[in-house]
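Going left to right, the sequence shown walks through residues 8 to 565 as this note's numbering numbers them.
None of these hints come from the bench; they were simulated from the model. On a predicted model such as this, the values are computed, not experimentally measured, just so you know. It cannot be assumed that every hint is accurate.
Unchecked claim - Calculated lysine-lysine pairs in the DSS-like style (CA-CA distance at most 25 Å, straight line):
#1 Lys307 x Lys427
#2 Lys488 x Lys451
#3 Lys488 x Lys307
#4 Lys202 x Lys66
As the list claims (entries may be wrong) - Pair ranges (Cβ atoms, derived):
#5 Thr118 x Ala504: 35 to 45 Å
#6 Thr118 x Asp496: 37 to 47 Å
#7 Thr334 x Ser284: 14 to 24 Å
All C-beta atoms in this analysis are idealised placements derived from N, C-alpha and C, irrespective of residue type, glycine included.
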Amino acid sequence: MPKWIRGVAAACALVLAAAACSKSEAANPNPSGSGGAVVEGGVLRLGSSSSIDSLNPFKAFEQDAYNVFQYIYPFLVQWNADLELVGDWATDWTWSDDHTSVEFHLVTGGTWSDGKPLTASDAAYTLNLILRFPGPTGLMAGYARHITSAEATDDGTLTIQYEAPVNEDWALSQLQQIPILPEQVWSEQEGEDGKGIRQFTNAAPIVSGGPFTLTEYTKDEFVQMERNDGFYGTPALIEGWGLKFFTNPDAMVSALESGDLDAVESVPAAALDRLASNPQMVVAEAPGLYWDDFIINSNKPLHPELLDPKVREAFEHAIDRQSMVDTVLLGHGNPASTIVSEASGDWHNSDIQPLAFDLAQANQILDDAGYPMGPDGVRTADGEPMRYEILTPTGTVGVDREFEIIQSGFEQIGVEVTQKSLDPSALFDLQAGPEYAYPHSYDKFDLVIWDWFPLPDPDFILSVLTCEQWGFWSDTGYCNKAYDQLYEDQGLTVDPAERQDVVWQMQQMIFDDRPYIPLMNRDVLEAHSAGWDGFVMSPIGSFTSYSKLTLTQVHRVG
8 MPKWIRGVAA
18 ACALVLAAAA
28 CSKSEAANPN
38 PSGSGGAVVE
48 GGVLRLGSSS
58 SIDSLNPFKA
68 FEQDAYNVFQ
78 YIYPFLVQWN
88 ADLELVGDWA
98 TDWTWSDDHT
108 SVEFHLVTGG
118 TWSDGKPLTA
128 SDAAYTLNLI
138 LRFPGPTGLM
148 AGYARHITSA
158 EATDDGTLTI
168 QYEAPVNEDW
178 ALSQLQQIPI
188 LPEQVWSEQE
198 GEDGKGIRQF
208 TNAAPIVSGG
218 PFTLTEYTKD
228 EFVQMERNDG
238 FYGTPALIEG
248 WGLKFFTNPD
258 AMVSALESGD
268 LDAVESVPAA
278 ALDRLASNPQ
288 MVVAEAPGLY
298 WDDFIINSNK
308 PLHPELLDPK
318 VREAFEHAID
328 RQSMVDTVLL
338 GHGNPASTIV
348 SEASGDWHNS
358 DIQPLAFDLA
368 QANQILDDAG
378 YPMGPDGVRT
388 ADGEPMRYEI
398 LTPTGTVGVD
408 REFEIIQSGF
418 EQIGVEVTQK
428 SLDPSALFDL
438 QAGPEYAYPH
448 SYDKFDLVIW
458 DWFPLPDPDF
468 ILSVLTCEQW
478 GFWSDTGYCN
488 KAYDQLYEDQ
498 GLTVDPAERQ
508 DVVWQMQQMI
518 FDDRPYIPLM
528 NRDVLEAHSA
538 GWDGFVMSPI
548 GSFTSYSKLT
558 LTQVHRVG
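Kindly generate the complete structure, drawing on both the sequences and the hints.
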């Protein structure tokens, strides 16, 4: 799932290099890393064990889709290598004294790949499209939160008005997630009441305004990108790049070793040492923001006892997180405690510690809560056996081993679980509803193991647990009005320290209610051929939705 992230103060952001980094290391200011001679041209061949579910930004949820959007569309701002928000299409911006409006100055002279001028009117159109049709644009509607209007005062100036004073960093991080769309294309797709927006396939070749144009796409196979000569920024050093999808991560690594790929998005931990010993390869490791989670249906599970806080507490005591880190990640990560990872620096609530792996305590909790052990070793709830199906997405590295560890712990507390693997799109339909339609029921599943790829600011990962995300990003059905009020407060809290306090309160509430039991934080593990350089690492890798840095700087070396 796109599973996003935000607000990193202490996270390691460095240029892809052979040496691993610690959380305190600063970014390498040299984007080429090795210092080899820059050779322009060529096509980078990139491998991924994920996929793209849709090329429509109002419909897609897979992370690779958002990574691709970053390179085919303008964004007002982006994260730099030090995880600071800087200009992308915008050169600078000015806030009003009362924090209720912001004026962006944009690079002029750029063109869409169809030859039409790229102007501030496209940005105003995109934002107002979301405001006019919050239902069909629901996956992005939250990013325009508190915006009342967007106006292009000339080709290079955009003014955004807010309904109340907002936290500036929060607002910029929201805008960083909104791709600017070509008005000449999307205005023809709106249909009645915006219903055509989500139906638009946005098929290749896509009208692009970023550094690359998406020229070809075959679902579950590959994406082909070519340099866009009308790009408003510094032209990319490469002529283009391709993204190849693999269902087997070991096959992807083999393709890298054989020279059929130049780089891979993520390296399985078991292959890291082998690649590191190969003089033709460059590997990198950095603390990651993304984490794996155990999801509990918090609205209408198939088995109502899963709503019992005591059952959830016992489940957490029965999960051996350290074993997951040791066997799935081979130590390249750490047990997770909250929905905002430690790599997020001060946004992470360090007062929260995960419950200890303690089977005796888990059994005692279930005994005291009135779930008796049956003669077959399976407990009962209202006379029915505590047997559940855990759903998992295909293609997620390590998820089968995570299930086995959970299954073993649960068996020892009288809970029987089985695994069912589903295509990610089918699985998310079960959790969020077909086409993420609202209203819908959450009575299609009990438990899921998956992951989240958040952004550097915590807002997004906090937002997915709000009531208004039913039918959109919510994959738990969790709804708590007190939590929702805190979510509203954190965006409208101008003072950063006060906002941090609210974010910490929200993490504590989710820890106590357990719609998610965070399992483990994964380090970023990457590799590329020594014949290429210029990769810029982030806490979810170098190929991300954070910025355009990597693929506008990447190059062959001579």
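Each hint tested on the structure:
Distance restraint check for lysine 307 and lysine 427: the Cα-Cα separation of roughly 19 Å lies within the 25 Å cut-off, and the hinted pair is therefore satisfied. Between lysine 488 and lysine 451 the alpha-carbon distance is near 24 Å, which keeps this suggested pair within the 25 Å criterion. Straight-line distance between C-alpha atoms of lysine 488 and lysine 307 comes to about 17 Å, which keeps the hinted pair within the 25 Å bound. Restraint check for lysine 202 and lysine 66: satisfied, since their Cα atoms lie roughly 12 Å apart, inside the 25 Å limit.
The beta-carbon spacing between threonine 118 and alanine 504, approximately 44 Å, falls within the hinted interval of 35 to 45 Å. Between threonine 118 and aspartate 496 the Cβ separation comes to about 42 Å, which falls inside the hinted range of 37 to 47 Å. In this structure the supplied range 14 to 24 Å holds for threonine 334 paired with serine 284, their Cβ-Cβ distance being about 22 Å.
When the structure is compared with the earlier hints, no violation turns up for any of them.
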